[in-house]
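Novice: Here are the chains, one letter per residue:
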Amino acid sequence: MNTQKPETKDEVVILFAGDSGDGIQLTGGQFTETVEIFGNDISTFPNFPAEIRAPAGTLSGVSGFQLKFGSIEVFTAGDQYDVLVVMNAAALKVNLQNLKKGGIIIANTSGFDSKNLRNAKYIDGENPLTNQSLDGYELHSIDITKLTREALKDSGLSVKEIDRSKNMFVLGFIYWMFNQSVDNTVKNITEKFKNKPDLAKSNISVLKAGYNFGDTSETFSSRFKVKPAKLPKGKYRNISGNQAISLGLVAAANKSNLELFYGSYPITPASDILHELSRYKNLGVKTFQAEDEIAAIAATIGASFGGSLAATASSGPGIALKGEALGLSVILEIPLVIVNVQRGGPSTGLPTKTEQADLWQALYGRNGEAPIPVLAAATPKDCFDMAYEACRIAVEHMTPVFLLSDGYIANGAEPWAFPKSSDLKPIEPITNVEGMTTEEGQLLPYKRNKDLVRPWIVPGQKGFEHRIGGLEKEADTGNVSYDPLNHQNMTKTREEKVLKIAEDIPEQQIESGPDSGEIVVVGWGSTYGAIETAVRELNEEGKPVSHIHLKYIFPFPKNLEQLLNGFDKVIIPEMNRGQLSRYMKQELEINIIPHSKMMGLPYHVEEIKQLIENELSHAKA
Amino acid sequence: MNTQKPETKDEVVILFAGDSGDGIQLTGGQFTETVEIFGNDISTFPNFPAEIRAPAGTLSGVSGFQLKFGSIEVFTAGDQYDVLVVMNAAALKVNLQNLKKGGIIIANTSGFDSKNLRNAKYIDGENPLTNQSLDGYELHSIDITKLTREALKDSGLSVKEIDRSKNMFVLGFIYWMFNQSVDNTVKNITEKFKNKPDLAKSNISVLKAGYNFGDTSETFSSRFKVKPAKLPKGKYRNISGNQAISLGLVAAANKSNLELFYGSYPITPASDILHELSRYKNLGVKTFQAEDEIAAIAATIGASFGGSLAATASSGPGIALKGEALGLSVILEIPLVIVNVQRGGPSTGLPTKTEQADLWQALYGRNGEAPIPVLAAATPKDCFDMAYEACRIAVEHMTPVFLLSDGYIANGAEPWAFPKSSDLKPIEPITNVEGMTTEEGQLLPYKRNKDLVRPWIVPGQKGFEHRIGGLEKEADTGNVSYDPLNHQNMTKTREEKVLKIAEDIPEQQIESGPDSGEIVVVGWGSTYGAIETAVRELNEEGKPVSHIHLKYIFPFPKNLEQLLNGFDKVIIPEMNRGQLSRYMKQELEINIIPHSKMMGLPYHVEEIKQLIENELSHAKA
Amino acid sequence: MQKPNNNGNSSTLTPKDYATDQEVRWCPGCGDYSILKQVQTVMPQLGVPKENTVFVSGIGCAARYPYYMNTYGMHSIHGRATAIASGLKASNPELDVWVITGDGDSLAIGGNHLIHLLRRNIDVNVLLFNNEIYGLTKGQYSPTSPQGKVSKSTPLGSVDHPFNPLALALGAEATFVSRAIDRNPKHLRDTIVAAHKHKGTSLIEIYQNCNVFNDLAFDLYSNKDSKEENAIYLEAGKPLLFGKDQNKGIKLDGFKPVIVSLEESGNSTDDLWVHDPEDKIKASILTNFFDYDFNKGDLPRPFGVFYEKQRDTYEDLMKTQIDNAVSSAPIELDELLSGSNHWEI
Amino acid sequence: MQKPNNNGNSSTLTPKDYATDQEVRWCPGCGDYSILKQVQTVMPQLGVPKENTVFVSGIGCAARYPYYMNTYGMHSIHGRATAIASGLKASNPELDVWVITGDGDSLAIGGNHLIHLLRRNIDVNVLLFNNEIYGLTKGQYSPTSPQGKVSKSTPLGSVDHPFNPLALALGAEATFVSRAIDRNPKHLRDTIVAAHKHKGTSLIEIYQNCNVFNDLAFDLYSNKDSKEENAIYLEAGKPLLFGKDQNKGIKLDGFKPVIVSLEESGNSTDDLWVHDPEDKIKASILTNFFDYDFNKGDLPRPFGVFYEKQRDTYEDLMKTQIDNAVSSAPIELDELLSGSNHWEI
Ligand SMILES: Cc1ncc(C[n+]2csc(CCOP(=O)(O)OP(=O)(O)O)c2C)c(N)n1
Ligand SMILES: Cc1ncc(C[n+]2csc(CCOP(=O)(O)OP(=O)(O)O)c2C)c(N)n1
Ligand code: SF4
Ligand code: SF4
Ligand SMILES: [Mg+2]
Ligand SMILES: [Mg+2]
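Protein chains in written order, with the numbering used here: chain E, 1 to 621; chain V, 1 to 621; chain H, 1 to 345; chain C, 1 to 345.
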């Protein structure tokens with residue numbers, strides 16, 4: 001019996017890595033759930049290989065699941081790992097560079113046989129587990145395969161089936177290491193294999209074997225305990241960005257009393273929204289898997305005309321195809337939500353990596369003057385709020401609305417204090433058609449309310465028959481018009497309608513730091529976590545800097561300019577070549593210091609800190 | 001015999017207007033040719049109705065052809081007409097507002113019968129030709145229909161056939177009025193009806209009847225004579241913007257020793273490029289009418305990979321569809337020319353009207369960081385130079401290149417001192433593959449020259465087999481790479497490659513006015529004429545302002561910033577909501593005064609003058 | 001959101017009620033006028049309240065159509081009317097949805113959405129105005145123009161082999177495939193009524209004369225001197241007869257259709273091919289009538305319903321799936337928000 | 001610009017010469033491996049210099065293919081390979097152009113370009129890897145998935161009626177329509193050779209097993225226990241035979257294909273349907289084999305060349321037109337620039 005006292009830590013970063021076939025994502029997901037229920041705050045970052053299933057054991061086939069969990073608020077999945085779990089040599093080779101100095105390695109020795117070493121391109125079959133090259137780390141080699149087989153030798157299962165459960169061994173062992181209980185996972189396994197009690201039994205016994213192995217072996221020098229985080233009281237669940245977007249759409253439809261119609265064509269990393277929503281048929285959600293992205297948005301335009309809350313999502317290349325139809329939705333003035341879960345570009349680019357380089361596309365990627373509001377979600381759980389907001393603005397302002405997310409927050413997960421439906425802001429479709437006819441009885445489908453919003457007159461209403469279309473239309477009547485002054489006015493009106501949305505969104509907040517001062521870091525989208533952590537840490541170090549995070553990019557919150565004027569320098573780090581920076585430059589008179597990271601990876605906290613400190617020291621110099 | 005002495009004028013603006021069926025465009029075209037050959041400088045502006053053939057006599061069916069010709073250099077088709085020729089009541093109704101005070105109206109009285117008056121929505125059939133409402137003008141009512149019928153009563157032609165030649169009567173009459181000879185048109189008619197001598201004869205006799213009518217009737221108070229313009233000596237021809245683009249592409253293919261492949265899907269106002277190029281089969285030009293705009297650009301990408309000089313053209317909505325494929329051409333780094341003949345937007349918008357609102361789309365309308373050089377043509381004849389330049393840059397820098405034109409210059413025409421082919425800049429494809437392999441013999445299709453340009457390795461070359469694609473590629477080898485640093489480098493390299501084009505384009509010139517001073521008007525595209533005229537006129541009035549016209553928008557000419565810094569204020573008038581203004585704001589530190597006109601119509605010289613004078617007086621205040 | 005209901009009835013309406021106040025802006029003489037008129041004429045008979053009727057079009061001359069129908073309507077973008085109509089009908093199956101499209105709109109840029117609509121069998125009625133030309137853009141050849149067509153974009157004649165729209169539709173799993181012509185108003189009206197009756201996507205290819213850019217393209221089938229010999233009208237259960245006084249018929253020689261003269265002895269109506277719109281193979285033979293090249297004159301061009309088959313519609317299956325899910329696993333929004341695995345802090 | 005020439009010959013090449021140094025990254029067990037291998041195997045026999053061969057693909061698992069062929073190649077964007085290949089071949093007809101595409105790539109997003117390629121009859125070879133699923137995006141149903149398919153995006157089963165790709169191709173005026181399967185390498189090789197020989201667009205639908213997301217979709221036709229009873233191989237001029245020891249045949253009862261047992265007396269090979277790939281109607285019946293629902297078991301799935309017809313290719317007609325124009329109305333650039341109507345000042 002190992003009686004070591006667990007070491008208490010504020011937060012721990014752990015990476016599970018192995019072949020896609022090793023059940024890495026499942027292991028990570030289970031562990032996440034367990035520590036969440038225990039009360040830790042978490043942030044996760046699954047990292048898939050580009051291929052569906054690259055050959056076993058190769059470098060390109062390594063799948064990873066990174067998790068940071070802590071007793072303090074956690075905003076990112078962490079820059080460097082405390083613990084690295086590797087199922088084979090390739091997983092070690094790829095990930096070692098980000099293991100903290102002196103960090104822990106847990107390695108499955110049977111993943112380091114000569115074939116594995118060759119696949120991982122270790123020269124001449126040199127085995128890192130035995131050649132002292134890992135001396136700087138705390139290495140724990142375990143023959144997980146063998147132990148698993150042994151645990152199940154009497155189970156009657158085939159070797160192939162047995163090997164498939166070796167991830168349970170790892171999971172059990174890690175539970176032990178972090179002082180967590182196996183109970184939640186036991187419960188999940190039992191449920192999952194309801195109809196296959198044999199499989200349930202064997203998986204549970206391997207899980208426990210792993211836990212027990214930790215408990216009984218004597219190899220380990222440290223055992224961690226991470227205390228529950230001081231999250232505000234409340235009910236929590238785990239949620240990823242794509243799930244949150246899906247729920248946001250469903251909630252908005254529900255609160256506005258509309259049917260949700262979702263038209264989409266699969267594309268990484270947006271497809272999960274389609275998968276998620278297709279499971280909500282029992283809430284009346286209609287999902288339409290279209291033949292391409294153009295058909296997807298066209299179908300949603302039809303559905304919107306038909307009175308549904310209509311949404312579509314894609315990623316960069318698919319959004320590029322929607323440009324023409326977006327213009328139609330602008331001139332029709334109908335509600336529509338377009339989600340772009342961004343990935344690395346240009347073209348097919350880096351389809352499984354994250355990036356923020358489609359901001360310009362959202363702002364400008366159409367012919368003619370076709371203004372569309374642009375929102376951006378900051379974290380996985382924020383995706384819920386922003387999807388809900390996108391719907392609210394679309395419906396109440398009769399306009400298409402862009403929502404930007406990206407691969408990092410779409411796949412990443414965090415605990416979410418989910419709202420009660422009754423607490424959600426009401427959404428009120430503009431369906432009042434009173435006063436929409438002239439005294440002579442002519443219908444005026446483009447007559448506007450004080451916000452310049454026209455009514456949504458859904459087919460089926462007797463006496464309100466009318467035609468809409470992509471040609472310029474006469475004010476009020478909506479009839480086709482080639483009149484020069486009318487075109488000028490309509491162009492302005494469509495723009496002003498969108499600008500007026502600034503009256504209907506929250507004022508810009510400062511996330512952290514003082515209200516004014518020398519430096520503010522302005523971010524948008526998934527850089528939230530890295531910036532917030534960096535700014536908080538610097539504030540704790542007594543370096544006053546602030547963090548402003550934009551969720552409403554077009555139009556800007558009314559008070560933004562004034563807020564920014566309180567700072568001497570505005571640092572804008574983006575995972576692109578400076579798109580927000582340039583856009584802000586054209587809108588506001590401020591001193592911008594752009595920073596660009598184009599690596600298909602999120603910012604590290606350290607990078608942001610460095611960036612800020614550079615500017616601080618410049619100031620001193 | 002009328003012996004009036006012709007009045008000499010510097011320039012005259014004349015508008016021919018009538019039903020599409022009245023042969024207005026033909027009449028305008030003939031007149032243009034004649035005055036050009038005479039030596040006048042001209043500028044034309046055909047204005048088609050939105051419908052193919054709206055019902056005869058209706059307001060929406062009015063077709064117009066506006067022409068300004070002069071003995072001084074002419075830059076626009078003019079703001080207001082000196083002479084308005086109307087074939088029916090609707091044509092008068094629509095165009096009267098732009099006739100100069102005291103201007104001349106020539107009206108075909110049989111186009112003002114009660115049906116015509118009703119169609120033109122004259123209240124209660126009030127006839128403007130007889131009700132004194134035109135008292136402020138010089139009105140000349142002629143029963144052109146009757147006179148034409150009479151001229152041909154012995155021709156044996158049917159009434160329908162006879163009526164079709166009444167435009168010849170008008171033309172003859174106008175020749176008389178402007179002291180021009182009918183000879184060129186007689187020659188053209190003879191040629192056109194080579195095989196129908198009867199028709200030739202009758203058309204010529206009506207033409208002469210028109211001329212003679214002027215000569216013999218005594219109604220006319222004024223007869224104009226416009227002296228030849230002092231254009232530089234040389235050989236001239238008439239050319240429209242779309243023709244000029246076509247010729248530019250053909251010339252570039254010829255000079256670079258490449259075959260021209262043009263893939264396109266028809267769309268107003270770009271289709272004429274397809275029509276024009278499809279007539280050059282005898283020069284080996286391949287035109288591919290694709291099933292849509294995506295297929296059009298895809299086919300050109302294929303053709304470019306296959307070693308052709310490949311180009312595609314469309315207008316806004318069609319360009320929107322090409323966004324995804326444009327990204328591919330950026331990452332492939334292959335030569336491609338994309339022409340956008342802009343029209344009124346958003347969506348289908350005002351398809352037969354002009355606008356400049358697709359600049360942002362050209363700069364930003366793609367996913368990811370996908371920089372594409374953007375050029376813009378200023379006048380019809382400039383379309384030749386800029387199309388040639390677009391090809392040169394595409395081929396010598398291995399990049400897609402955008403060329404922006406618009407409906408105004410695409411359909412407008414002017415005299416062009418066409419070049420000799422031997423005077424055209426050489427174009428040299430980067431096909432040298434020496435040094436493109438490592439010592440081990442590995443091919444390096446993405447190895448770059450000093451301008452960061454990779455070679456164009458066309459299939460068919462033994463030993464140079466390689467694969468290219470839309471995924472991010474490793475530097476030099478072009479193999480697929482997910483490496484973070486490589487992505488960052490490749491992104492930067494693609495950007496720098498485009499920025500380096502600034503080294504290979506002419507420095508920015510000042511069109512008119514002093515090199516520095518209080519005010520410069522910066523334009524791009526088809527606003528050239530209006531701005532240049534306004535600036536010259538103001539300079540003549542002793543008000544020093546300057547005109548800079550951008551033909552290279554991305555990247556900017558190297559010296560642009562420095563030039564602009566010489567002025568206190570930069571006025572930027574655009575037929576959009578300020579797209580160049582905002583783009584310049586993000587690039588340069590200058591004091592910009594944007595101005596927007598969104599009426600589907602070109603700027604008037606007076607508007608630009610007003611704009612400048614407002615600023616001048618502000619300065620004084 | 002207010003939902004339409006189909007309980008109303010339109011029997012008191014007249015064709016005039018379907019006209020709008022917008023000036024009709026096609027060229028004088030254009031075949032589109034007749035088609036507009038025939039649709040307006042049959043509308044009141046269809047038993048659908050006017051307010052539940054929606055016309056969706058793309059871009060083209062034909063596509064201006066919705067402006068002239070006093071129903072709900074959308075003049076959308078080029079080629080996408082079929083996709084827009086798919087979303088409209090799937091989201092709101094109570095509506096009676098019509099698509100108006102041209103040969104370019106539906107077979108060039110919109111080809112993909114058309115074939116996907118057909119396979120999904122969404123219950124909309126597609127009126128494909130085929131004038132074998134791009135009218136609105138002033139005369140380029142289209143995917144239905146015959147090879148060799150001289151047009152604005154093909155001064156030396158086109159080199160493209162054209163589509164056979166009805167063959168394409170059959171290949172795309174269409175459940176209602178038919179052809180009519182602007183100049184035979186009665187038959188056009190009947191075909192529209194039959195198409196509307198069909199539950200599932202119905203396609204009518206309507207030969208439409210563009211008298212400005214492609215005049216007389218279908219003259220053979222509308223000119224009174226030639227139409228009897230060159231057009232054959234299909235009726236279910238009836239033998240294939242045509243010609244002056246119906247003096248000719250079509251017989252199948254194996255798979256090969258042959259013209260027989262009923263005036264010659266030995267030939268009887270009993271030997272003729274009897275039209276069976278449920279037979280897909282025979283429908284294919286019919287669609288291919290203009291491919292056969294006979295020594296003794298070409299086969300006449302068939303008009304009428306080539307093929308009709310009942311198959312579940314997309315929107316019905318979707319609705320059933322949703323209804324079942326709602327009743328078998330009902331769930332409230334709050335349950336969804338909390339998920340199955342939440343905890344309290 | 002240097003132009004390829006086809007005088008070289010490739011007889012000295014071996015399949016290995018067509019492999020690249022890139023690691024093949026499909027899932028272990030994926031049907032794509034076999035297809036890659038068969039193509040590499042036949043390449044040296046085709047008589048085309050390696051440097052004149054180009055593989056163009058869209059996006060999908062299948063579409064990674066060009067990286068593994070040591071020829072020229074382009075891995076383009078989703079759905080557009082057919083359009084890119086069209087431009088490539090039309091601009092440079094000397095090249096031997098192949099398109100690699102999946103069922104999503106060619107029939108979902110790329111449906112329109114595929115049918116337009118087929119009607120134009122540009123001489124490229126299309127290998128359509130049909131695994132009835134979207135592999136690369138991890139398992140959504142595709143336009144060829146059977147109705148009711150449970151997939152990532154259809155947890156309760158899809159409601160879409162699928163395309164029949166070969167029927168669609170016939171409807172789109174294809175001139176070479178065939179089917180093969182990853183697990184019958186010899187037949188696949190033969191089909192590839194036949195497709196390559198055809199001048200004009202040739203389409204091979206290749207049933208390909210996606211063992212990760214749609215395992216065993218075509219097991220019936222590849223499993224040794226079932227394949228003899230469920231797959232039938234077509235050979236021109238030969239009767240339609242299948243079953244263990246070729247003991248069954250297909251006969252046409254009117255237009256209806258019927259299975260007959262040759263072991264029963266009274267049935268002879270002479271009565272059987274003899275395969276004639278030039279007969280389009282018979283080809284349609286063959287493509288529809290999976291639509292027929294017989295009481296006594298379904299019809300076997302046909303493999304082989306369903307249909308082949310000679311028709312001028314787009315690029316040949318284009319070239320002829322240009323050659324004629326060049327020789328009948330030659331013109332120099334300077335003449336073009338000056339136009340026919342210029343003047344001097
Ligand atoms: C995206 C886009 N591409 C091209 C066009 C130009 N355009 C409008 S209608 C049309 C074709 C019209 O032909 P068809 O569909 O046969 O209709 P018709 O005018 O003959 O009735 C084209 C090419 C457009 N409006 N939008
Ligand atoms: C414009 C665009 N839309 C969507 C995608 C995502 N995507 C890539 S491949 C694919 C479908 C793959 O299916 P299939 O063509 O059958 O190929 P397979 O992977 O099954 O071989 C999709 C939807 C994309 N890359 N680009
Ligand atoms: S161009 Fe042709 S199709 Fe269009 S309205 Fe005129 S006649 Fe009709
Ligand atoms: S996902 Fe399927 S199709 Fe794709 S590589 Fe894997 S097995 Fe093959
Ligand atoms: Mg047409
Ligand atoms: Mg597939």
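Think of the hints as simulated: they come from the structure by calculation, not from any bench. Please note that the accuracy of each hint is not assured.
Below, a sample of chain E positions facing chain C; criterion: calculated Cβ distance under 8 Å [what the hints assert, rightly or not]:
hint, residue
1, Ala54
2, Pro55
3, Asp292
4, Phe464
Derived coverage of chain V by chain E (criterion: at least 3 residues anywhere in the stretch with Cβ under 8 Å from a Cβ of chain E; other residues may be distant) [as the list claims (entries may be wrong)]:
hint, region
5, 345-353
6, 470-482
7, 542-549
8, 574-584
Counterexamples of contact, computed for chain E against chain H with all Cβ distances above 12 Å [as the list claims (entries may be wrong)]:
hint, residue
9, Lys196
10, Glu259
11, Glu507
No experiment lies behind these values; they were computed from the predicted model shown. Every residue, glycine too, gets a C-beta built ideally from N, C-alpha and C.
Novice: Work down the list of hints and note, for each, if the structure agrees.
Specialist: To see whether the hints hold, each was checked on the structure:
1. Because the closest C-beta pair between Ala54/E and chain C is about 5 Å apart, less than 8 Å, the hint holds.
2. Hint status for Pro55/E relative to chain C: holds, with the closest Cβ pair at about 6 Å, below 8 Å.
3. With a least beta-carbon distance of about 4 Å to chain C, the hint placing Asp292/E at the interface is held under the 8 Å criterion.
4. Interface restraint check: Phe464/E against chain C, minimum CB-CB distance 32 Å, threshold 8 Å, status violated.
5. Counting residues of the region 345-353 of chain V whose CB lies closer than 8 Å to any CB of chain E gives 9, which reaches the minimum of 3, so the coverage claim holds.
6. Counting residues of the region 470-482 of chain V whose CB lies closer than 8 Å to any CB of chain E gives 4, so the stated coverage by that chain holds, three being the minimum.
7. Given as covered by chain E, the region 542-549 of chain V fails the check, having 0 residues with a CB less than 8 Å from a CB of that chain where 3 are the minimum.
8. Coverage of the region 574-584 of chain V by chain E holds. Counting CB-CB distances below 8 Å, 4 residues qualify, and the rule asks for three or more.
9. Residue placement check: Lys196/E keeps its beta carbon more than 12 Å from all beta carbons of chain H (closest about 20 Å).
10. Interface exclusion of Glu259/E from chain H breaks down, the closest Cβ pair being 7 Å apart, not more than 12 Å.
11. Glu507/E, annotated as away from the interface, keeps every beta carbon of chain H farther than 12 Å; the closest lies near 27 Å.
Violation of the numbered hints given earlier is confined to hints 4, 7, 10; the remaining hints are satisfied by the structure.
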